[in-house]
Structure formats: C-alpha cells, structure tokens
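Please model the entire structure based on the sequences and the hints provided.
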Amino acid sequence: MDINMFILYFFIYSVLGWAWEEVFCSISEKKLVYRGFLYGPYCPIYGFGVTAVLMMILPFQNNLWALFIFSMIICTVIEYVTATILEALFHTTWWDYHNWPLNVKGRICLPISIFWGFACIIVVRFLHPLVTEFADWVLSWGGWIIPMLIVVIMLVDTIKSVTSMLSFQKALAEFNEKLNAQATELRASVKERAKEFEEGLLKRQENVDMKIAEIEAKHKQDKELAASMRKLKFNERRMLQSFPKMKVKRGAPFKNFNKSLLKVDKQKRK
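Residue numbers (full-length UniProt numbering): 1 to 270.
What the hints contain is simulated information worked out from the structure, not anything from laboratory work. Predicted model, so just to flag it, every value in this text is computed and none were measured. Watch out, some of these pointers could steer you wrong.
[Stated by the list, open to error] As a list, the in silico EDC-like pairs of lysine to aspartate or glutamate whose alpha-carbon atoms are at most 20 Å apart: (1) Lys-259 <-> Glu-236; (2) Lys-263 <-> Glu-236; (3) Lys-231 <-> Asp-265; (4) Lys-105 <-> Glu-87; (5) Lys-231 <-> Glu-177; (6) Lys-233 <-> Glu-174; (7) Lys-31 <-> Glu-236; (8) Lys-170 <-> Glu-21; (9) Lys-233 <-> Asp-265; (10) Lys-266 <-> Glu-236; (11) Lys-178 <-> Glu-236; (12) Lys-263 <-> Glu-29; (13) Lys-160 <-> Glu-87; (14) Lys-30 <-> Glu-133; (15) Lys-263 <-> Glu-177; (16) Lys-231 <-> Glu-174; (17) Lys-259 <-> Glu-29; (18) Lys-259 <-> Glu-177; (19) Lys-263 <-> Glu-174; (20) Lys-178 <-> Asp-96; (21) Lys-233 <-> Asp-157; (22) Lys-170 <-> Glu-236; (23) Lys-259 <-> Asp-96; (24) Lys-259 <-> Asp-136; (25) Lys-160 <-> Glu-236; (26) Lys-266 <-> Glu-174; (27) Lys-31 <-> Glu-21.
[Claimed, not checked] Each pair of labels, with its calculated beta carbon distance range: (28) Lys-31 <-> Lys-160: 24 to 32 Å; (29) Pro-101 <-> Ser-28: 14 to 22 Å; (30) Gly-40 <-> Phe-60: 44 to 52 Å; (31) Ile-145 <-> Arg-238: 27 to 35 Å.
Note that CB positions come from ideal geometry on N, CA and C, so glycine has one too.
Laid out in structure tokens, this is it:
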C-alpha cells in the first residue's frame with residue numbers, strides 16, 4: 001500500500017466513521033449531534049483502526065475467525081491508547097464504558113470490542129472493494145495533490161482543535177473554581193437556616209420568607225457567575241452538547257457539570 005493510497009484510505013474511513021457516529025448518536029440522543037474532536041466531519045480513530053486492520057490482517061482476510069479476532073484486538077488497542085492519550089493531554093474522558101460489562105477503566109469493554117470485530121468483517125469483505133475503486137479513481141483524477149491537501153487540511157484542523165481544547169481547559173478550571181465557591185456558600189447558608197429552624201428561632205412565615213430569599217440569592221449568584229465567565233466558543237459548546245458523557249477529570253464533582261456550564265453560557269449570550 002503506497003503512501004497516497006494509505007492517506008486516502010485513512011481519510012475515507014475517518015469520514016465514514018464520523019458519519020456512522022452521527023447517525024447512531026443522533027438516534028440515541030434523539031437529537032442531531034455533531035461528533036468528533038476535530039472541526040471537520042471526520043474521526044481519525046476510525047481511519048487509524050481500519051487502515052491498521054487492512055495492513056495487518058492481509059494474510060488472514062479469507063479466514064473469518066482470524067479476521068474477527070485480529071480486528072477486535074487491533075481496534076480495542078487503538079481505542080484504549082486513544083482514550084489514554086486524550087485523558088493525559090486534556091484531563092477529559094470522551095466516552096465512558098463504566099456501566100458496560102467487562103470494561104477496563106471505562107475506556108474499553110468486551111461488547112464494544114466484539115462489535116469492532118464484526119464491523120471490520122463487514123468493512124473488509126464488502127465495503128473495502130468499493131472504497132478501493134473510489135480511491136483508485138481519485139488518484140487517477142487528482143494524483144498526489146488530493147492526498148497532500150487532505151494532510152494539510154487535517155493537520156491545520158488538528159492544531160486548531162488542540163489549541164481550542166487547551167483554551168477550553170482554562171475556562172473549565174475557572175468555571176470549576178467559581179461553581180465550587182458558589183456551592184460552598186449555598187451549603188453554608190442552608191445549614192445556617194436549618195440550625196435556626198431547629199432552634200425555633202424562625203416562625204413558619206419567616207422560614208418561607210427565608211426560602212424565597214435563598215432562591216433569589218441563588219438566581220443572583222447565577223447571574224453573577226454568568227457575568228464573570230467568557231462566552232463559550234462554537235467548538236466548546238459543540239463538545240458539551242454532543243458528548244453528554246464527557247467528563248472533565250479536574251472539573252467540579254457535580255452530576256450536571258456540562259449542563260451547568262451550558263446554562264451559564266446561555267445566560268451570558270442573552
């Protein structure tokens with residue numbers, strides 16, 4: 001496999017993988033989502049996975065069991081390594097298999113590995129011949145120029161996406177600090193009100209008034225929090241909306257951290 005064909009295979013399967021995730025996740029979430037770490041409509045993990053399978057299983061492509069096992073192992077290793085690198089670089093998990101059986105640190109799990117095995121059989125035996133014909137046509141029409149453009153576009157996209165994510169980390173750290181401070185203040189207020197109520201210092205009506213005051217104070221705090229935060233960029237909002245299971249390792253330990261950040265951003269844009 002020459003370098004130009006390798007680049008085309010990588011790009012085509014990255015786009016097809018992105019399209020698969022778009023359809024599957026949009027149906028699962030019951031709304032249109034835009035998946036992927038990069039800005040463009042491609043997911044490199046699929047490109048790496050399929051091209052690695054194509055290069056390494058060539059001697060076994062006529063043996064379904066060998067194809068299934070090797071594909072499952074190769075794709076699972078790539079998925080685990082990718083998750084580990086993303087967590088190390090950005091302190092963020094993009095997918096989480098902790099609720100799936102036989103998972104390893106939530107990064108991989110046996111059911112998904114089995115899916116990769118079956119998916120690669122379908123790709124190698126049925127889809128790849130069509131992809132090869134298309135790639136041959138592209139090379140005969142545009143030669144090395146098309147693969148070169150693909151490399152340049154994806155390289156620029158990667159640099160821009162990484163830069164954006166590093167900036168996003170700073171925004172998350174700031175939001176985390178302020179959200180924790182807000183939560184601490186509210187907890188202290190609730191404890192104080194509870195103590196006063198237990199000691200009989202508050203009458204029924206006074207307690208109701210205090211509850212209303214607490215709600216108004218929370219609303220004021222939300223406005224102040226929104227005013228102190230910068231607006232999220234397009235790619236940052238997309239990440240939060242399209243990856244509901246994305247977890248920030250250094251983020252606030254709240255269940256709805258992502259939703260809280262989107263809510264604050266929405267108030268900021270009003």
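Here is what the structure says about each hint:
1. For the proposed pair Lys-259 and Glu-236, the alpha carbon gap of about 13 Å is at most 20 Å, so the pair holds.
2. Taking the CA atoms of Lys-263 and Glu-236, the gap is about 13 Å. The hint holds against a cut of 20 Å.
3. About 6 Å separates the Cα atoms of Lys-231 and Asp-265, which keeps this hinted pair within 20 Å; it holds.
4. For the hint linking Lys-105 to Glu-87, the alpha-carbon distance of about 12 Å falls within 20 Å, and the restraint holds.
5. With a C-alpha separation of about 17 Å, the suggested pairing of Lys-231 with Glu-177 holds against the 20 Å cut-off.
6. Straight-line distance between C-alpha atoms of Lys-233 and Glu-174 comes to about 15 Å, which keeps the hinted pair within the 20 Å bound.
7. Between Lys-31 and Glu-236 the alpha-carbon distance is near 18 Å, which keeps this suggested pair within the 20 Å criterion.
8. Distance hint between Lys-170 and Glu-21 is unfulfilled; the C-alpha atoms sit about 28 Å from each other, more than 20 Å.
9. Pair hint Lys-233 plus Asp-265 holds up; C-alpha atoms about 10 Å apart against a cutoff of 20 Å.
10. For a cut-off of 20 Å, the pair hint linking Lys-266 to Glu-236 stands: about 13 Å separates their Cα positions.
11. Between the alpha carbons of Lys-178 and Glu-236 the distance comes to roughly 19 Å, so the proposed pair stays at or under 20 Å and holds.
12. For the hint pairing Lys-263 with Glu-29, the CA-to-CA distance comes to about 19 Å; that is within 20 Å, so the pair holds.
13. The straight-line distance between the Cα atoms of Lys-160 and Glu-87 is roughly 18 Å, inside the 20 Å bound, and the hint therefore holds.
14. Annotation: proposed proximity of Lys-30 to Glu-133 is violated, straight-line Cα distance about 35 Å (limit 20 Å).
15. For the given pair, Lys-263 sits about 17 Å from Glu-177 by alpha-carbon distance, which is consistent with the 20 Å threshold.
16. Under the criterion of a C-alpha separation no larger than 20 Å, the hint pairing Lys-231 with Glu-174 is consistent with the structure, at around 13 Å.
17. Among the hinted pairs, Lys-259 with Glu-29 is consistent with the structure: their alpha-carbon atoms are about 15 Å apart, no more than 20 Å.
18. Distance check on the hinted pair: Lys-259 and Glu-177 sit about 16 Å apart at the alpha-carbon level, within 20 Å; holds.
19. Between Lys-263 and Glu-174 the CA atoms are separated by roughly 15 Å; this keeps the pair inside 20 Å, and the hint holds.
20. The straight-line distance between the Cα atoms of Lys-178 and Asp-96 is roughly 26 Å, outside the 20 Å bound, and the hint therefore fails.
21. Between Lys-233 and Asp-157 the CA atoms are separated by roughly 15 Å; this keeps the pair inside 20 Å, and the hint holds.
22. The straight-line distance between the Cα atoms of Lys-170 and Glu-236 is roughly 12 Å, inside the 20 Å bound, and the hint therefore holds.
23. Of the supplied pair hints, the one linking Lys-259 and Asp-96 holds, its CA atoms being roughly 17 Å apart against a limit of 20 Å.
24. A C-alpha spacing of about 46 Å is found between Lys-259 and Asp-136, which places the hinted pair above 20 Å, so the restraint is violated.
25. For the given pair, Lys-160 sits about 12 Å from Glu-236 by alpha-carbon distance, which is consistent with the 20 Å threshold.
26. Distance check on the hinted pair: Lys-266 and Glu-174 sit about 17 Å apart at the alpha-carbon level, within 20 Å; holds.
27. Restraint check for Lys-31 and Glu-21: the C-alpha separation of about 13 Å stays at or below 20 Å, so the hint holds.
28. At about 26 Å, the beta-carbon gap between Lys-31 and Lys-160 stays in the expected band of 24 to 32 Å.
29. Taking 14 to 22 Å as the suggested C-beta distance range, the pair Pro-101 and Ser-28 conforms, at roughly 19 Å.
30. At roughly 33 Å, the beta-carbon separation of Gly-40 and Phe-60 lies outside the given 44 to 52 Å, and the hint is violated.
31. In this structure the hint that Ile-145 and Arg-238 lie 27 to 35 Å apart at CB holds, the actual value being about 31 Å.
Violated hints, listed in ascending order, are 8, 14, 20, 24 and 30; each of the other numbered hints is respected by the structure.
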